[in-house]
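Use these hints to put chain C onto chain L, whose structure you have.
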Amino acid sequence: MFSPADIATLPFDDWVNGFVRGWLVPNFRPAFRAAQVPISAVLAWTEAFFLFVPMLVTTAAFALASWLTAGRGMAIFTLVGFAFIDMIGLWPQTMTTLAMIVTSVLFCALVGIPTGILAARSDRAWAVIRPVLDVMQTIPSFVYLVPIVMLFGVGMAPGIIATFIFALPPIVRLTNLGIRNVRADLIEAAEAFGSTRWQMLWDVQLPLAMRTIMAGLNQTLMLALSMVVIAALIGAGGLGLVVNTGLGRMDVGGATAGGVGIVILAIVLDRITQGLAERSDVRGISLRQALANLFRLRGTAPAAETQRAA
Amino acid sequence: MRPKLTVRNLYKIFGKNTQAALERLRRGEDKAEILAQTGATVGVQDASFDVEEGEIFVVMGLSGSGKSTLVRTLNGLIEPTSGQILIDGEDVARADAASLRRIRRDKIAMVFQHFALFPHWTIAENVAYGLKIRGISKDARRARALEVLEQVGLAPWADSLPADLSGGMQQRVGLARGLAADPDILLMDEPFGALDPLIRRDMQAELLTLQKTLKKTIVFITHDLNEALLLGNRIAIMKDGRIVQTGTAQEIVTTPADDYVAAFVADIDRGRVFTADDVASDAITIQLRDTPVREALRLMEKHGSHALYVMDGKRVAGVVTYRDLAACEMDTSTPSPTIRGSMITDYPTAACDTQLHELYGPAGQGLPIAVTDDADRLVAVIEPGDVLAHLSGDATANGADANGKEAAHVQPG
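If you read the protein sequences in the order shown, they are chains L and C. Okay, so the first sequence: first residue is 1 according to the UniProt record's numbering, each after it adds one. Okay, so the second sequence: first residue is 1 according to the UniProt record's numbering, each after it adds one.
One chain only, chain L, in its complex shape:
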């Protein structure tokens, strides 16, 4: 049977190797190394901070945040969950993971929100940005781990860069969506009163898109958490390393302990950021609902339940 490969075969893998190894790495490695300096600096600061603050203070702060944004049940869950992490001896690793998450979400927001705004204001920009986001979302993360290691080396910062690539799309997409969905008559009203583009952005578009942008931040946060284990493959520490070590040693207990730590952290961070997005609807959810929501990492159902409770 005839196939196109009979005519010619393309050494695509060689081309990529040639491009990355032969040109990108030798010429740009110092530039990439330099680019990771701010990431390393922010990460070092946040990690030092979280490791310095006593466990009880951090737990109390998170419980308070849960209480204010997601209600009493979630606050109790936070207290119990964090105590459990501490008792299984994973507190320092959890704080390292938390520092990584905070750093990558910070950079995602710093890059993603302005990009989303740009995409919302110019169809041409969106036409360029959209396929890039599609690629970022569909390409398996293992594919870019190798060039990242080549360009940045191993360690925490490269892990964060991988996380950044993986977690960036939702915040860009939802910022774009949020701004584009602001009611056209409000935009027209702002225009009719003589706003400049910046005034319109600050006064009307961003405040009205804030809910959607916060939902994007929440999604980005969740994706960042799901990259923890993969980032640990290229030298990032924390709970991901615990899971990987357990995997390497066929240590079911160790891997499970790391996994449970990630899940607890995920639930707490998810509920707090979702609570921020739904601020006006928050009247508090019961412990029963908090436990029920435990089995639903994300989605819209919890929000609906919150409203019913109110």
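To be clear, the hints were calculated from the coordinates, so they are not data collected in a lab. Model, not experiment: these values are computed from the prediction. Keep in mind that the hints are not guaranteed to be accurate.
[What the hints assert, rightly or not] Here are the simulated distance ranges between beta carbons: (1) C:Glu251 - L:Arg121: 45 to 51 Å; (2) C:Leu198 - L:Arg72: 45 to 51 Å; (3) C:Asn9 - L:Glu188: 21 to 27 Å; (4) C:Pro119 - L:Gly248: 50 to 56 Å; (5) C:Ala98 - L:Ser40: 42 to 48 Å.
[Stated by the list, open to error] Computed footprint of chain C on chain L, listed as stretches where at least three residues anywhere in the stretch have a Cβ under 8 Å from a Cβ of chain C: (6) 176-189; (7) 192-205.
[Unchecked claim] A few chain C residues that face chain L, going by a derived Cβ cut-off under 7 Å, partial list only: (8) Asn75; (9) Arg104; (10) Met110; (11) His114; (12) Ala116; (13) His120; (14) Tyr129; (15) Gly130; (16) Ile133.
In this text, a Cβ means the ideal position worked out from N, Cα and C, and glycines have one as well.
Relative to chain L, chain C alone:
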């Protein structure tokens, strides 16, 4: 005096091939043909009008007639394809982005059909929006917002959110927001279209009351002819992007420019268009003193009227009817009767600008209605029959002024 707003030969064509479509339009091809040939949609064609300072200029048309497009070209929300829009002599159609912003901030505000209030701000913040854009300090903005809210009767709601207010109240806020920046021109795009009929009537009355003190130049868009006739000092009627007639309510109702306008005005409430002035005729009066009944009867016979107003000096004393006086004359018990004894002092009155529909009740008494001016002087009278004749539209065919007498004769004394 120069008009506040002048629009000359304004065209707006939507689509790609606007210049080609404009050429065809100028050659006289019609809208549907141009759409088929070039794919361009004609929004407004060859609109020209002037709006004088302090008047309410109503643009009336059905949906798709281009009225919303027209009003949006006035503040540059839609850029016209061709033509001139002069506000105080400055051409909005050719203004760059910066001067357009300045015009919108200082000269021309807008009120929207669906209110378009910012849901994340309080009522006071919404009202102060135009001032915020201008960079006025927070305290000054708030003070001005409260002042305007006071005018529209919403001061107690200053710190509520728009969602807490009913539709009518929200549109008052929309109006207040338009007024807060003290613009010269207020564009109102079907502002009462989304309101319940009763609320709408209240808002119309309120707008007229406000306008008495504000004296803004208002361009008001509506699809409701009754609203147009009620509010408009002058009215432009649009059809297929073209202004088919411009004139006062009375002009449009009495002399419609074409069949389209005629069909429109056919079933409007004429009682709300015409005023006492339109049907009034000169008053025939007699002095009270000790005028004998016989003299009054002779005067009535001479003019063929059935009732006379009796003056006491310059003041109206009452009215006498032919029937009462004749009965008095027949009654021989009093030797030389004067009209004083048969005078009716409870006579109906109206002001010059009283609308005809308000005269149905007074006309029902059968007595002529006294039209008085601000100083309570008698300026004219209205024969009850004239009110009905004018409503039916017959009288207007003969001209609005010299009509009444014939109709009055028919009325039995």
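Checked hints:
1. Under the hint 45 to 51 Å, the C-beta atoms of glutamate 251 of chain C and arginine 121 of chain L, about 48 Å apart, fit the expected range.
2. Checking the proposed 45 to 51 Å range against leucine 198 of chain C and arginine 72 of chain L shows it holds: the Cβ atoms sit about 47 Å from each other.
3. Evaluation of the 21 to 27 Å hint for asparagine 9 of chain C and glutamate 188 of chain L yields a pass: the beta carbon distance comes to about 26 Å.
4. A hinted range of 50 to 56 Å holds for the C-beta pair proline 119 of chain C and glycine 248 of chain L, which are about 54 Å apart.
5. For the pair alanine 98 of chain C and serine 40 of chain L, the beta carbons lie near 45 Å from each other, so the given range of 42 to 48 Å is met.
6. Check on the segment 176-189 of chain L: 5 of its residues sit with their Cβ under 8 Å from a Cβ of chain C, so the three-residue criterion for coverage holds.
7. Counting residues of the segment 192-205 of chain L whose CB lies closer than 8 Å to any CB of chain C gives 8, so the stated coverage by that chain holds, three being the minimum.
8. Proximity of asparagine 75 of chain C to chain L holds as hinted, the smallest CB-CB distance being about 6 Å (cut-off 7 Å).
9. The restraint placing arginine 104 of chain C at the interface with chain L holds, with a minimum CB-CB distance near 3 Å, inside the 7 Å limit.
10. Interface hint status for methionine 110 of chain C: upheld, as the beta-carbon distance to the closest one in chain L is roughly 4 Å, under 7 Å.
11. With a cut of 7 Å, the hint placing histidine 114 of chain C at the interface with chain L holds, because the nearest CB-to-CB distance is about 6 Å.
12. With a cut of 7 Å, the hint placing alanine 116 of chain C at the interface with chain L holds, because the nearest CB-to-CB distance is about 4 Å.
13. Given hint, histidine 120 of chain C at the interface with chain L, holds; its Cβ is 5 Å from that chain's nearest Cβ, closer than 7 Å.
14. For tyrosine 129 of chain C, the suggested interface contact is upheld, since its CB lies about 6 Å from the closest CB of chain L, less than 7 Å.
15. For glycine 130 of chain C, the shortest C-beta to C-beta distance to chain L is roughly 5 Å, which falls under 7 Å, so the interface hint holds.
16. Because the smallest distance between the Cβ of isoleucine 133 of chain C and any Cβ of chain L comes to about 5 Å, under 7 Å, the interface hint for this residue holds.
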